[in-house]
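Number of protein chains: 2
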Amino acid sequence: MSEEKEFITEWANPNLGLTARITKLLHEEQSPFQHIQVAEGIQYGRMLILDGVFQTSVKDEFIYHEMIAHVPLMMHPCPKRVLIIGGGDGGCAREVCRHGCVRQVDLCEIDEKVMEISKTYFPALSSALRNPPEKLHIHVGDGIGYVKTVEDFYDVILVDCSDPVGPGEGLFTREFYKNASKALRAGGILVQQSESPILHQRLLHDIFQAMGESFPIVRTYIANIPIYPTGMHSFTMASKQYDPLTVSCSRPVPQPMKYYNSQIQKSAFVLPEFVKDCLYRGIYSF
Amino acid sequence: MSEEKEFITEWANPNLGLTARITKLLHEEQSPFQHIQVAEGIQYGRMLILDGVFQTSVKDEFIYHEMIAHVPLMMHPCPKRVLIIGGGDGGCAREVCRHGCVRQVDLCEIDEKVMEISKTYFPALSSALRNPPEKLHIHVGDGIGYVKTVEDFYDVILVDCSDPVGPGEGLFTREFYKNASKALRAGGILVQQSESPILHQRLLHDIFQAMGESFPIVRTYIANIPIYPTGMHSFTMASKQYDPLTVSCSRPVPQPMKYYNSQIQKSAFVLPEFVKDCLYRGIYSF
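Residue numbers (this note's numbering), protein chains in the order written: chain A, 4 to 289; chain B, 4 to 289.
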């Protein structure tokens, strides 16, 4: 760990880097699963970095966590049981727990160290881990294996994982989507972060197509996440019954929000033409 | 000019940099107005860089140019005369000229060198400059001064300028908006690129408020532009009569598009809560 480090750069690939000036590298370790860093950044505040990839920051984390959680939860009429796979920083669980109708939240994170570090260095982000509401159950373990053991149980599954290299790899497979479908009840919804529609066009296309083999409705939506190197981030939703393009929600949105609102619930699914070309036709512009 | 240069970095500010690997710095010069670079990038192809700021690239330029041009043009029932201030790379003019109803396009660029360089190094981007349609009139000069001389003439004014330091500075003032209003006909619309809602919150707030002193309707809209360091870019529209939130357009959209479509015409105006806080309440999250 070098305390003199002045900058930290995520290389999205060898051709594109995003650099943040930091005042201090607060923590660095190799867990059994990944390389974990916590840096005190200036532009976005404190940052969590896994295997060199910017995961989240104190200032922008609300975008990712509101958008992965509330979009699926608000389109389900009454989500009672929610499974989060990954999400060890606690941000996703924090947002899910705000929905009064949700009675049980299971968080299945493979890397205990991420949870520990989040509790130490990111108190607001990890508030649900530090003071778990009664309905939140935290499991350290492999979400892929766990999903195989469950049948007709969850209303919503959120896959809050890192990139499809390292521990997240098996979460981007046909087998996982098939098992997730089985683990969901009628009306169930799966959402997975599905990377940048600019940098990972083939991956996004493949996720979209693969989900379609296990679910009748698959939709991709977009959020602006500045800590990721293109700023444009996708989530892909697989749904058994409810279609985000037509469903209307009557439950009130938990307040306050900093990114999500009920108009964004619809507009996030409006895709630029080049993203439609990618998803539906496998035509890649970037 | 160093041909060995391997990377080029835009420092949005001292705390945030976006780096592109390049194979060659193709051109570099100081014009009377700004420092101009053309680099052969790998991720986004050839890039135009002004005063160290990434302006556009071969691969992503369609996003900026479709979104600055078609959003205002498609909400006006019959735009006949369009003024472009800045836009020396020609991309905005190229998109505007696709609308059959437009009879006259005046392009007023202060820096002749940008036009020359675009014609030399960016043939597709500058197609309208290289083979100007009869309706396109190219002027080298100061758009701010020009607008003062015009009254009740244009249907749409597009301000396709660089950042509000350097030659673009006077385009972000109350006086300019007042003169632009005078230069517009009844039903006229002004659109200006208004920077990142994440990095330039105070500036965006000020533009929004200042436009409101000369126009009854002011709306901000968003596009995802990966070559800018947060990926989230805003345009702010000032309108005399037509409100983008309620107007409906009956003219067909020029085809093909790679980003814009008629759903984006509406969804681009749906703003995250933190952007609304910035615009309406002067509350800054970043």
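Mixed in with the good hints, there may be bad ones.
All copies of an identical chain are treated as equivalent in the list; a pair is satisfied when it fits inside any one copy or across any two copies.
Unchecked claim - Straight-line alpha carbon distances no greater than 25 Å define the calculated SDA-like cross-link-like pairs of lysine to any residue that follow:
| hint | residue 1 | residue 2 |
| --- | --- | --- |
| 1 | Lys27 | Trp14 |
| 2 | Lys261 | Asp280 |
| 3 | Lys62 | Glu276 |
| 4 | Lys8 | His140 |
| 5 | Lys62 | Gly285 |
| 6 | Lys122 | Pro135 |
| 7 | Lys269 | His38 |
| 8 | Lys269 | Thr123 |
| 9 | Lys62 | Gln107 |
Think of the hints as simulated: they come from the structure by calculation, not from any bench. Here the structure is a predicted model, which means the values were calculated and not measured.
Each hint, compared with the structure:
| no. | hint | in the structure |
| --- | --- | --- |
| 1 | Lys27 <-> Trp14 | both (19 Å within a copy, 20 Å between copies) |
| 2 | Lys261 <-> Asp280 | between (31 Å within a copy, 9 Å between copies) |
| 3 | Lys62 <-> Glu276 | between (30 Å within a copy, 14 Å between copies) |
| 4 | Lys8 <-> His140 | neither (38 Å within a copy, 53 Å between copies) |
| 5 | Lys62 <-> Gly285 | between (35 Å within a copy, 17 Å between copies) |
| 6 | Lys122 <-> Pro135 | within (12 Å within a copy, 61 Å between copies) |
| 7 | Lys269 <-> His38 | neither (37 Å within a copy, 42 Å between copies) |
| 8 | Lys269 <-> Thr123 | neither (36 Å within a copy, 43 Å between copies) |
| 9 | Lys62 <-> Gln107 | neither (28 Å within a copy, 46 Å between copies) |
In the structure shown, a violation is registered for the earlier hints numbered 4, 7, 8 and 9, in ascending order.
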